[in-house]
Amino acid sequence: MDAAAQRAGGAAIRVEDLVKRFGSFTANDRLNFSVASGEIFGFLGANGAGKTTAIKILCGLSAPTSGRVEVAGYDVARYPEQVKRRIGYMSQHFSLYNDLTVYENIRLFGAIYGLSLSVIRERSDQLLRRLDLKEQRNRLLGTLSLGWKQKLAFSVAILHRPHIVFLDEPTSGVDPITRRQFWEQIYQAANEGITVFVTTHYLDEAEYCQRVSIMVEGRIAALDTPKALKEQGRSESMNEVFLKLTRPN
Amino acid sequence: MKQLWRFIVKEAMHILRDRRTLSVLLLMPLAQILIFGYVISTEIKDARIGVLDKAGDYASEGLRNRLAASGYFKVERIFVNEEEVAAALRSGAVQMAVVIGPGFGSASSDPDGSRVQLLADASEANTAQMLVNYAEGIVRDYEQELVGVQAKQAALVEVRMAYNPSLKGVFMSVPGIMAMILMLVSAMMTSISITREKEYGSMEILLVSPLKPWQIILGKVSPYVFLSFLNAASILAVGVGVFKVPMMGSWLLLALVNFLYILLALSLGIFISTVAPNQMVAMFISLFALMLPTILLSGFIYPIENMPVALQWFSKLMPPRYYIEAVKVLMFKGAGLGVVWKELLLMLAFLGAFLSLSVYNFKVRLE
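If you're matching them up, the sequences are chains V and G in order.
First residue of the first sequence? That's 1016 in my numbering, and the numbers climb one at a time after it.
First residue of the second sequence? That's 2 in my numbering, and the numbers climb one at a time after it.
Check before you lean on any hint, since a few could be wrong.
Said to hold, decoys possible - A short, non-exhaustive set of chain V residues, derived as facing chain G with CB atoms under 8 angstroms: (1) L1076; (2) I1127; (3) Q1151.
Hints are computed from structural coordinates only; laboratory data are not their basis.
Note that the Cβ used here is the ideal one computed from N, Cα and C, for glycine as well.
Given the sequences, and given the hints that come with them, work out the whole structure.
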């Protein structure tokens, strides 16, 4: 953690009164929340609730209509370059480049984030050993299965040791075993001090998060630990909590 | 700098690993120039003609020989009556019939001239026009020879086709094909490769990374600049080496003109990629909005002077037109910077316009 993040009082993300409008449509309506450093934060909501818009703003891909967004201790609107260097990002659509080999993908993203070749080599050996992909180092990525690709994509997203990694539905379309392994990876990253900001549609995964927010129609309808949310909603599972909030009738 | 270099290497690898597309990109220009050079020739060579000789004397015999010896015509048929002429034209056995009037030899000294009729198959309008022109010239020359010095009122026009004396179509094809291929490789391929990143979602990852947007774009287009240059060089090599297309001007200036045009085409490709949501649309826009006008309106195949006035104005908006113009005067007439500066400036203006439009579109998309 660098000086700026420490100044922010340990908060990896701080969002104050974030509003985003597209014409007359309000995608994000006065969002207020903060994520602590090293936390695993679940960002839930039905399709169209405004999650993707919020993530785009947090990553500096889109500018808010009003409000203040601080990521890794920097104001995203004013220092997007500082923020970009300190975050990692992985989305559901993308699993690296299929026509490059496993190692070429690692080297490319390492270089984009300004890592030296020796560091890239060292970290790539390490992550391939962890993923048990050492033999596949020079295979074209396109020949790997989706589960492997997603696990590799996550490792690449945190190759430069970001403060925060944003995961936009990282496990969609992946089998249950791989999902479990994926979450083991997430825990490992969090143990190493990386803040994890994750969206998902699998509500069992929400239980793995330390805190969860649920967005409904552009607003944050609930934000707490999974345990507290279940108690407040007198629900057995996160699934029930989610349904009660998004479909009150 | 290292980031950018790695990114360019990555883009080059995409191209190199896609063997099929790469071989098409490298072989297509060669195939095009060979096709245009050998097959679609607009020159007249050994055109099939028939002769109906009603005079049947020494002078008409001479005209027949003269037509055959020109190399333009091959006398396929000797007709005996008008019906045969009509039948041969209808069946396409001959492309043109030459009917030599009964009084050809003697009448040629008459003040009202001789009677030679040319009947051409105008279902191929351009060819017919050309056959008639060539035959007319030969007949006129021959007449003058026959009549000799007595007829001073004739022989007033002397024709010389400067810069392309044998009117070879391939001369025109070289700049035209270069305009087309460079547009295809630079604009279409870059617009497709940029929209591919959008479609696959990798563009998001790149935009979230510390790479700046201009680095992403530069990284994506750089390999295509190289590829385009390779294409331009191969077309020129075949044009100059095989088809003996003249190269009178400076190679350095030619390289500059090409470089500017490649940049212009790339900027168009970038612009298309800011508009097109996916690869398919990018390809269609490139094909219909770029290729067809390049081929039809740039003066490559159809002379701009022959177009309706509205289309002539429209063709002024076609950047390839200025490229073709510049390459033509540079190669065939040896023109220097003093002549082509106007074309260069216009291309520069187009380049600036497309780049600003792209930046504007890009900003709008990010809001």
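Comparing the hints with the structure gives:
1. About 6 angstroms separates the beta-carbon of L1076 of chain V from the nearest beta-carbon of chain G, less than 8 angstroms, and the hint is met.
2. At a threshold of 8 angstroms, the smallest CB-CB gap from I1127 of chain V to chain G is about 5 angstroms, leaving the interface hint in force.
3. Hint on Q1151 of chain V is violated. Least Cβ distance to chain G is approximately 17 angstroms, over the 8 angstroms limit.
Violated hints amount to a single one, hint 3; each of the other numbered hints is respected by the structure.
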